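Asks: The lines below spell out each chain.
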Amino acid sequence: MDLHELNDIAADQRAAQKPCVIRCCMAAGCQSAGSVAVLKALQQAVTEAGKQNTVEVRSVGCLRLCCQGPLVQTDPDQRMFQKVRPEQAPSLVSTLDGRTTDAEPCDPNAPFFALQANVVLVNSGRIDPEQIEHYIAADGYAALARALTEMTPQDVVEAVTRSGLRGRGGAGYPTGVKWSLVARSKGDRKYVVCNADEGDPGAFMNRSVLESDPHSVLEGMAIAGYAVGASQGYIYIRGEYPLATQRLQTAIRQAGRLRLLGTHILNTAFDFRIDIRIGAGAFVCGEETALMASIMGERGTPRPRPPYPAESGLWGCPTLINNVETFANIPQIIRRGPEWFASIGTPKSTGTKVFALTGKVRNTGLVEVPLGTPLRVLVEDIGGGSPSGKIKAVQTGGPSGGCVPAHLLDTPVDYESLAAVGSIMGSGGLIVMDEANNMVDVARFFMGFCMDESCGKCIPCRAGTVQLHRLLTRILDRKATRRDLAVLEQLCGMVKETSLCGLGQTAPNPVLSTLRHFRHEYEALLRDE
Amino acid sequence: MAGTSTATAGPSTHPSGDKRFVMLEAAMRRQQYQQSALIEVLHAAQQLFGYLDLGLLHYVARRLKLPLSKVYGVATFYHLFRLKPPGRHTCVICTGTACYVKGADRLLEAAQQRYHIGAGETTPDGELSLVTARCLGACGIAPAIVLDDVVHGFVEPDNLLNLLEERLVRGSP
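As given, the protein sequences belong to chains B and Y, one line each in that order. If you read the first sequence in my numbering, its first letter stands for residue 1, the second for the next number, and so on. If you read the second sequence in my numbering, its first letter stands for residue 1, the second for the next number, and so on.
Hints listed in this document are in silico derivations from the structure and should not be mistaken for laboratory results.
Pairs of lysine-lysine, DSSO-like flavour, derived with a Cα cap of 27 angstroms:
| hint | chain 1 | residue 1 | chain 2 | residue 2 |
| --- | --- | --- | --- | --- |
| 1 | B | K457 | Y | K65 |
| 2 | Y | K70 | Y | K19 |
| 3 | B | K496 | B | K479 |
| 4 | Y | K70 | B | K457 |
Small disclaimer: the values here were computed from a predicted structure and weren't measured.
When you get a sec, could you build the whole thing from the sequences and use the hints?
Replies: This is the structure in structure tokens:
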């Protein structure tokens with residue numbers, strides 16, 4: 001495979017494109033709403049109408065509005081239908097001839113869609129994730145080709161640095177800096193690891209990206225391998241994501257067959273292999289040192305840093321670890337240029353972010369917006385507000401994050417602004433809560449999660465989360481006094497300061513942020529001394 | 001059932017004659033018996049046998065030349081590995097944040113009351129295992145459950161009990 005052949009595949013695919021396409025969402029959300037039967041019915045309806053030469057029924061990734069699945073969209077007229085039932089397939093196909101259908105329409109120009117950006121999710125819901133030719137026809141692997149043939153590894157690192165991309169796993173560490181650290185580290189063997197252990201409850205961005213556009217992640221990893229000098233990559237994916245795993249396996253096989261992975265990629269001297277490692281259900285494995293332990297077949301317990309993985313990671317070798325979404329951004333940064341990427345978002349938080357919008361909000365689903373978009377736009381305009389009428393708070397960052405109260409909804413979504421109001425960007429879970437949700441109960445929910453998921457290695461986290469959970473239960477049972485509240489706050493500080501890894505260090509955040517913004521709810525539950 | 005620690009048979013056979021060991025052996029061979037592939041091997045073993053009993057852990061330890069303590073340590077560390085046999089049907093109730101704020105606790109309560117088992121337990125007749133998960137990633141259709149590998153969204157307590165009833169009456173899938 002060389003550049004010409006890659007262009008030929010793209011040209012052939014585009015030439016073979018039928019004039020009409022009916023795209024049916026086959027991501028996990030729509031599948032559980034019955035989209036497999038809808039897809040089959042659509043294929044049958046097209047055949048029965050004798051349109052198989054002009055109409056393609058395509059299985060695509062996430063069309064974003066998960067709560068209204070199964071979703072179907074038609075090209076070229078861009079009409080969209082929601083909650084589609086298999087028996088509606090014939091009339092839906094007939095709309096291509098201008099006839100009417102009883103399938104429920106969904107407005108693709110509604111704020112939910114119109115206010116979104118398309119960078120990471122550009123192919124999501126458009127291409128068939130199980131067909132590498134579709135990805136190539138959408139300029140896929142062109143960035144890898146450009147990196148390998150026109151750029152030195154240093155150029156690639158430089159481009160990523162100039163783009164201003166920051167880690168999408170939550171902490172927001174500058175990606176270019178991380179890459180240059182690994183590139184500069186000495187070692188015969190280096191590794192690139194994709195963290196797909198999306199453990200935050202209420203988050204499904206990475207799952208959607210992997211299910212909808214797996215090749216973008218593979219391409220991003222291969223570019224990273226070239227930039228830092230690694231020839232082996234691992235994707236560490238949650239055991240709870242069978243569909244995403246299967247699509248990744250298919251994608252790796254297809255890319256290997258076209259020599260876009262493996263040895264002598266695109267007729268160059270660059271070799272890069274990607275293997276999948278499937279997690280076995282441990283939240284702590286999202287922490288990078290625990291994740292590496294798990295890849296090596298050990299219990300997923302973290303270790304102190306330094307040494308950082310960039311110096312000593314997998315099997316003691318320099319290792320680059322990035323999140324799924326970080327890698328998915330890379331091909332476009334290389335292809336469209338770092339300046340283009342940096343023009344999106346804010347000066348310190350460039351690009352877009354994918355969020356999983358859920359909870360007490362009308363439109364739940366997958367959302368991508370430029371960084372710096374106010375939270376209010378996300379939950380009220382895109383999300384359509386709460387069905388009960390009043391939003392109380394928005395939780396960001398999962399068990400490591402915090403709750404942003406309704407009066408701060410104008411906070412722009414970027415790394416610094418969210419930190420300033422006591423929350424974090426996190427990996428992208430946005431859970432909307434209304435007046436029916438008691439914030440002390442929410443804090444206890446997260447503490448229960450951290451208590452269960454603590455690996456038990458260090459005492460502050462292992463014992464501290466148990467004690468914090470007990471105190472919160474005491475408060476909820478109306479048995480706690482003002483003294484207990486003081487102990488709660490003190491213990492939060494201690495667990496935060498003295499835990500070994502991010503899990504323990506951030507476990508008190510949901511308590512601290514609800515104490516900061518909803519202290520009255522705690523106080524209302526106290527009994528007199 | 002899985003073998004005992006005293007087995008001394010050849011590389012790809014097991015004294016019980018259980019064909020599943022041949023398949024497990026093939027899975028280990030694919031990983032070139034690398035000790036770092038322990039988690040992959042345990043996934044394969046659980047898929048073949050349904051759960052990991054002590055004899056099976058012994059077998060894996062011996063074939064990968066790892067101490068049993070290590071294998072047992074890893075098997076007990078991760079939530080997805082089961083050391084006890086699961087029920088004929090498994091109902092996973094998602095208790096992730098999105099499901100939680102939309103009433104997953106009521107689903108759990110309803111199932112617990114009807115079948116008198118807690119999360120992580122199996123009914124005495126071995127028919128139903130009740131499991132909780134910390135987020136299935138199906139938050140867009142919360143609250144969600146997985147009944148015998150099929151995801152159901154927007155579940156209410158009544159409709160959960162109906163689903164379970166129907167599944168249990170209809171017998172094994």
